[in-house]
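Engineer: If you want the building blocks of each chain, they are given just below.
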Amino acid sequence: MLDLSQYQSVGEALREALDRFSDEVCLIEADREREKERLTYNEFKKRGLPLAKALQEAGFSTGDRASIIMTNQSKWLISAYAIFFCGGVLVPLDYKLTPDEQWQLLKHSGAGVLITEYPIWRQLSASAGRAATPNVKTVLVTEAPANADLAGAQRWEESRGEGEPTFMTRKRSDTASIVYSSGTGGRPKGCMMTHENYLEQCVALTSIYPFWPGVRYLSILPTNHAIDFMVGFFGPFTCGAAVVHLRTLRPEYVREAFPKYKITYVSLVPLVLKNLQKGLQARFDALPPGKRKIFNVLVAVNKALTKSRPRLGLSRLLLKQVHEAFGGELLAIIVGGAFTEPQTLQFFYDLGIPVANGYGLTEAGTAITVNDLKPFRADTVGKPLPGMEVRILNPAPDGVGEVAVRSKTVMSGYLNSPELTAETIIDGWLMTGDLGKIDETGHLQLSGRKKNMIVTEEGKNIYPEDIEKVFESLPVKEFCIFAANYIWPKRSLTGEQLVLVLHMDQGQKYDEVLQRDVNARNQRLLNYKRVHGVVLLDEDFPRTASLKIKRNELAARLAKLDSAAAIRPL
Amino acid sequence: MRTLEQTTQEVLDLAAKHFQLPVGSLAPEDDFFKKLGIDSLQTLELLSRLENHFAIELPDYEVQGVSDFKTLAQRIQSRL
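Chains as they are written, first to last, in my numbering: chain A, 204 to 773; chain B, 1186 to 1265.
A portion of the hints provided could be inaccurate.
Simulated restraints on C-beta separations [stated by the list, open to error]:
1. B/Q1191 - A/E219: 56 to 62 Å
2. B/R1234 - A/R363: 40 to 46 Å
3. A/D303 - B/S1263: 38 to 44 Å
4. B/K1202 - A/E459: 23 to 29 Å
5. B/D1245 - A/P621: 37 to 43 Å
6. A/S330 - B/E1230: 46 to 52 Å
Some chain A residues close to chain B (C-beta under 7 Å, calculated; not the full set) [what the hints assert, rightly or not]:
7. T451
8. R453
9. N478
10. Q480
11. N730
Here are the computed lysine-lysine pairs in the DSBU-like style, where the Cα-Cα straight-line distance is at most 30 Å [stated by the list, open to error]:
12. A/K680 - A/K577
13. B/K1219 - A/K239
14. A/K693 - A/K753
15. B/K1220 - A/K481
16. A/K654 - A/K693
17. A/K672 - B/K1219
18. B/K1202 - A/K732
19. A/K374 - A/K463
20. B/K1220 - A/K249
21. A/K239 - B/K1202
22. B/K1255 - A/K732
23. A/K577 - A/K481
24. A/K496 - A/K510
25. A/K672 - A/K611
26. A/K340 - A/K374
27. A/K680 - B/K1219
28. A/K577 - A/K465
29. A/K712 - B/K1219
Note that these hints are calculated values from the structure, not bench results.
Just so we're clear, the structure is a prediction, and the values are computed from it rather than from any experiment.
We put the CB at the ideal spot given by N, CA and C, even for glycine.
Please work from the sequences and hints to get the whole structure.
Structural biologist: See below:
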C-alpha cells in the first residue's frame, strides 16, 4: 500500500499508484457472462491521461467541478481520475435519481462538466431541467450509438487530447468532491469532502480490512455512494488491488461473479444481504434430512471454533460447498448504507463468512465504526475506526444519547449552506442525529434516530421534506410528512416508514376520491421514497410567524395518538 | 411479430405466474412494486424471466424508474 501520509491529494495518490502497480490488473468489467474489459494500472493511465488533456483543452482547471452520472463501470473510475488529475472537484450523482432531480443537483453543485452514459443522457437531455442549468457547458457521453442524436454532447470515447496533460496540485484541505447525502427536494445537502477526508479514511479502513495486489473487490453498490467510492476505487487503487464491475446486477450474474473472479471483498446493502440469506436458507432447507443433520453439525462446530475470532481456513474446510459458492477466497462481506438486523449478520458469521458491518455517514467520510471481528458481535455496529472520536451526548440513564463524531474524515461543510453546516458541525463535532450508546467493550450500539428521516434497507436516506412537493395542491387544508419513528420513537432501526399527516377542510371526508389522489401522487415517487400510511389530524398545524410548519411541535401532538390505530396503510 | 397488447398480456401473465397470483389479477397500469409487494431485487429476478421468455436482453438502465407493467411492456416491445 502507498504511504498516504506522503500525499496531498486524491489525484496525487492515484497518480503514484498507477505507476507503482503498473502491471497489476486494476479493473475487470463484465456484462452478463461476457468479460468486456480487463485493464492494468498502466492501461488505466493510458485511458485517463488523454481524457484529462481533453478536459484541460476545454478549459477545465483547478477547483472546477465535474459531475459523473453513470452506472458502475471502468469509465466511471477513469473519468474520476481525469477530473482529479486536472485538480477538479468531483460531483458524483446517483444515476437512479429522476432527470429533474439530477438537473437540480447539477445546478446546485455548479458543475461545468457532466460525464454520463448515453441512456441516461437521452433522458436528461429531454428533461425540462436542462434549460434551467446553464452552468453545465460540456457534456461527455459514453457508448452512444453511431447515429445517435447527442443533443449537444460530445462522445467520451473521442475526448482524447494530444500530448501530456498538466498535473494540477491540490492541498489536503481543498475540496475533492461534493457528495449529496440527500436533499433533492428542499435543502440539497452537498457534503464538501476534502482530500484529507479521503486520505485519512483510507488509512483507517485499510488498517482493519487491507487490500493488496491480487485482491479482487466486487463493486455492486453505486460508485457515487461514499462506501463504494472508498472501498471500490480509492482504497483498492492505493493498494494495487483490482475492482470488478458488473454491467447488470441480476442476482444470477452477481452469484456467478464470485467463483468466476475469485472475489475477495464485496460491499452490500442490507436488502441484498438478506436476499442472499433467503436464497441460502432455501437451499439448506431443501437438503435431504440426513445431509441437513450433518450440515447443522458442521455449522455448530464452525460456530464454536470461530467464537473468539474468524478462522477462514478452517471454515472453508468445514463448509466447503458454501464457501465455494462464494468463490472460495472471500475474506469478508462489507455491509453498510443502512442498519442490518443482527440475525442476518449472525447467519453469515455462523457459516464462517465474516460480515464487516459498520456505521457511517457521508458527512463523516464514510465509516465511523466497523466490526473488527475480535470477537464478532452481531448486536453492535462495531468500534470507532482509528482516528475517530465518538461521544454520546446527553445520555439517558440507560446510556443512550445522540452520537457525535470528531475526526479528520469529517466533511468541511455543506455546499452553499452555512446555516445547515453550523447546525450539523458544532465545535468540530459532527452531530449525527442518530441515537446510541457505547457499551463496556467500546462497541457502539445504535437504537434509533433523533432526526426526522428514514434510511431504507437499500441504503437510501429519505427526508420527508424532499418528497412533500409531490403532495402539493392536494385538496386538503394542510399536510405534512414524517418518519413514523420520529413521532413514535421505537428502539429499532429496521422497517422505518414515512407517514402523510392530513388535516382536512371542515366537513371534508377522507373519501375514495381523495385516497385515489393520494395513491396516484405516491406512485409518482420512486418506490423506495413512498409514504406507507396516512394519519388524520383534526386540528390546525402549529406554524411559525412565516407560516412554516413547526414540525417538532406537530410531532409532539401526533405522539399522543396510538400509532397502530392512527396509521391507515396506503 | 407481437403487438404491444400481446406483449403486455404476456408480461402480466408471466408476472402473475412468477409471483403465484391468479392469472388476470394484474392490469397494465398496476404499479408492480405495490401490487406484487416486491423490492428492487425481486424486480430484477422478474426481468430475467421476461428476458428468457421474449429471448431479448434488457439492460438494467432500460427499466430504471419503471414501475408499471405498461411501460415495462413498451420497453420490451422496442427490443423485439
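Engineer: Compare the structure with the hints numbered earlier in the document and write down the numbers of the violated ones, lowest to highest.
Structural biologist: Those not satisfied are hints 3, 6, 10, 12, 13, 19, 20, 21 and 25.
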